[in-house]
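Undergrad: Generate the whole structure from the sequences, applying the supplied hints.
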Amino acid sequence: MRILCCLDGTNAEQIGKALEMFSAFEPLTVGMLHVTDTRPREDMDLVRERFWRHPLHARHPPAPPEPTPRPSPREEEISEAEKASAEEILKECLSYCGGAETMEREGRPEREIVNVAAEWRADLLIVCSQARYRMKEEIGPKSVGHVARFVVDHAPCPVLLLRPMARQQFPINR
Amino acid sequence: MLWFFHLPQLWTALLSSLIALATLAGIMIRPFRWNEARVAMSGAGLLLVLGLISPKDALFTLLRDWNTFLFFLGMMALSALAETAGLFDWLGVQAARLAGESARRLFLNVFLLGTFISMLFSNDATALILTPIVYVLVTKLRLPALPYLFACTFIADSASFLLPVSNPINIIILSHHPLKLSAFLRLLLLPSVVVIAINVGVFFFLYRRQLAGSFDVERLSSPREVIKHKAFFRYTCCVLAVVAPAYVAAAAVQFPLSVVAVAGALLLLAGAFYWRSASLRQAGKAISWSIFGFIAGMFIVVRAVHETGLTTKFGNLLLHLSRGSSFGAVMVGTAGAALGTNLINNVPMAVLMNSALASIQSASPGVRQGFIAATMFGCDLGPNLTTVGSLATVLWLLILRHRNVDVSGLDYFKVGVVVTPLMLFAGAFTMWLLI
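Chains as they are written, first to last, in the working numbering: chain A, 27 to 200; chain B, 4 to 438.
It should be emphasised that the hints constitute simulated quantities derived from the structure, not laboratory data. A couple of the hints might just be wrong.
Okay, the calculated bits of chain B under chain A, using three or more residues with CB under 8 Å as the criterion [what the hints assert, rightly or not]:
no., segment
1, 143-151
2, 288-294
3, 383-392
The beta-carbon is built from N, C-alpha and C at its ideal position, and this holds for glycine as well.
TA: Next up, the structure:
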């Protein structure tokens with residue numbers, strides 16, 4: 027069984043616990059995927075253009091006679107921070123599931139996740155309902171973030187959606 | 004060519020207006036991947052070749068606005084050299100350390116830091132230098148990036164009318180329509196505070212879910228790490244400690260602010276040479292030289308339109324719509340400038356309004372001051388509505404999305420549409436109370 031786990035920097039423990047349920051499956055191949063969202067960089071470039079500056083990250087490749095411009099120190103710093111953060115997140119997750127295959131991608135997280143799931147031939151996708159920036163657990167329509175929503179709608183395989191425990195919020199209105 | 008022909012006034016007016024419209028459209032569409040400077044200079048060049056503006060008039064127009072050109076140069080150099088010294092990185096790390104591991108407090112600190120940087124270095128520095136620094140910071144801290152990026156982008160404009168130097172648009176307008184510092188502060192300081200408070204309040208509400216967490220302070224770099232050269236950093240702080248009050252003093256006595264900005268930049272450049280922190284080439288690369296071509300082109304194009312009397316008519320229309328009252332002046336000035344800035348971008352709109360405001364000289368002092376302050380307010384804050392430049396850009400993004408191309412930038416628009424009209428109205432209303 028091939029299980030692809032989607033990391034967001036806040037869910038290593040949650041995914042580690044979920045994987046324990048599948049430990050009996052043989053053979054089991056686990057993939058850990060982290061996608062660096064490129065939207066913030068694109069947003070920053072749009073703002074640069076508004077201030078009549080050239081974008082930091084060229085959207086179009088330069089025409090053949092033009093050499094590829096050397097990245098600015100700030101651009102390098104951004105890339106390094108993103109790379110370091112992605113590596114740290116993947117490393118942290120390996121402490122819960124040693125031997126997993128790690129994958130780093132860049133792009134729209136929701137689209138990369140479903141594409142990687144198809145390319146990697148995943149039998150199951152594990153995704154958390156949303157990044158856990160706060161401890162309070164919520165139920166309701168806003169408890170599933172846009173990435174999880176997209177993955178559930180577009181996944182090429184079964185999806186295991188991990189929601190935090192929220193029994194204390196029950197019973198709900200009948 | 005038209006030097007040799009005598010064209011009726013109507014034709015020259017029509018031709019000048021058409022070239023001006025084509026220039027504005029070209030700036031937004033950027034045909035043949037031309038940059039904005041090339042488009043603006045082409046428009047100006049065409050007007051000169053066709054004899055719709057005389058070379059003497061064009062030269063006089065550019066020389067008259069030396070303060071604007073010099074201010075852009077000084078402002079960009081000052082920010083770039085302060086960045087080289089590591090000042091903004093250091094301030095970012097300090098803002099995070101003072102947040103005490105709370106994502107909310109860091110959010111507030113980003114707003115405060117953005118306000119401070121916009122006030123002293125202009126909105127360019129906040130939007131272009133602080134934003135990537137904050138992005139690196141929140142990436143390291145594993146916090147959601149978008150709320151913090153949006154905070155930087157929006158506060159850059161929301162805090163850009165605290166002082167005349169907080170936005171180069173203010174300099175463009177004040178060079179033609181001077182306001183005493185006391186009048187500037189009387190009319191714009193309190194609206195600034197109101198606008199910033201609304202910006203912070205609405206953003207805290209919009210992003211309350213993402214900001215509820217905390218971060219691990221151990222992931223931060225130490226403040227010492229981000230300073231590349233300690234002596235140059237200290238020197239930069241000292242120079243800026245002199246430049247800040249010098250800005251206020253210069254504005255108070257109506258001394259050209261560009262001279263202060265350039266003097267500050269030269270002092271920093273001397274320090275950078277002394278401590279070998281930056282070369283002239285590096286400093287030159289940090290300045291966007293094409294901006295000068297763009298502004299020069301726009302000044303000439305608008306001057307030609309002014310000669311036709313069209314901008315005067317536009318000014319008279321604004322005056323008529325305001326019904327000669329200070330309330331009307333503030334509301335019409337704000338709405339006109341804000342709408343225009345979203346249609347054709349803020350620099351062209353400010354230059355256009357400069358020309359239009361020439362026709363309000365005969366109005367009462369209250370109305371005149373109301374129009375000038377409201378124009379700065381609308382041109383400074385208006386861009387927050389579309390954020391990505393103009394409605395043309397938003398439409399283009401919408402078309403792309405319609406074609407199933409995933410685009411960013413529309414999120415800015417969604418937030419801008421919610422918060423900007425509120426800020427514009429509240430700020431304009433406060434301004435009216437103060438006239």
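Undergrad: Each hint should be assessed against the structure and marked as holding or not.
TA: Verification of the hints:
no. : hint    : in the structure
1   : 143-151 : holds (count 6)
2   : 288-294 : holds (count 3)
3   : 383-392 : holds (count 4)
Checked against the numbered hints listed earlier, the structure breaks none of them; every hint is satisfied.
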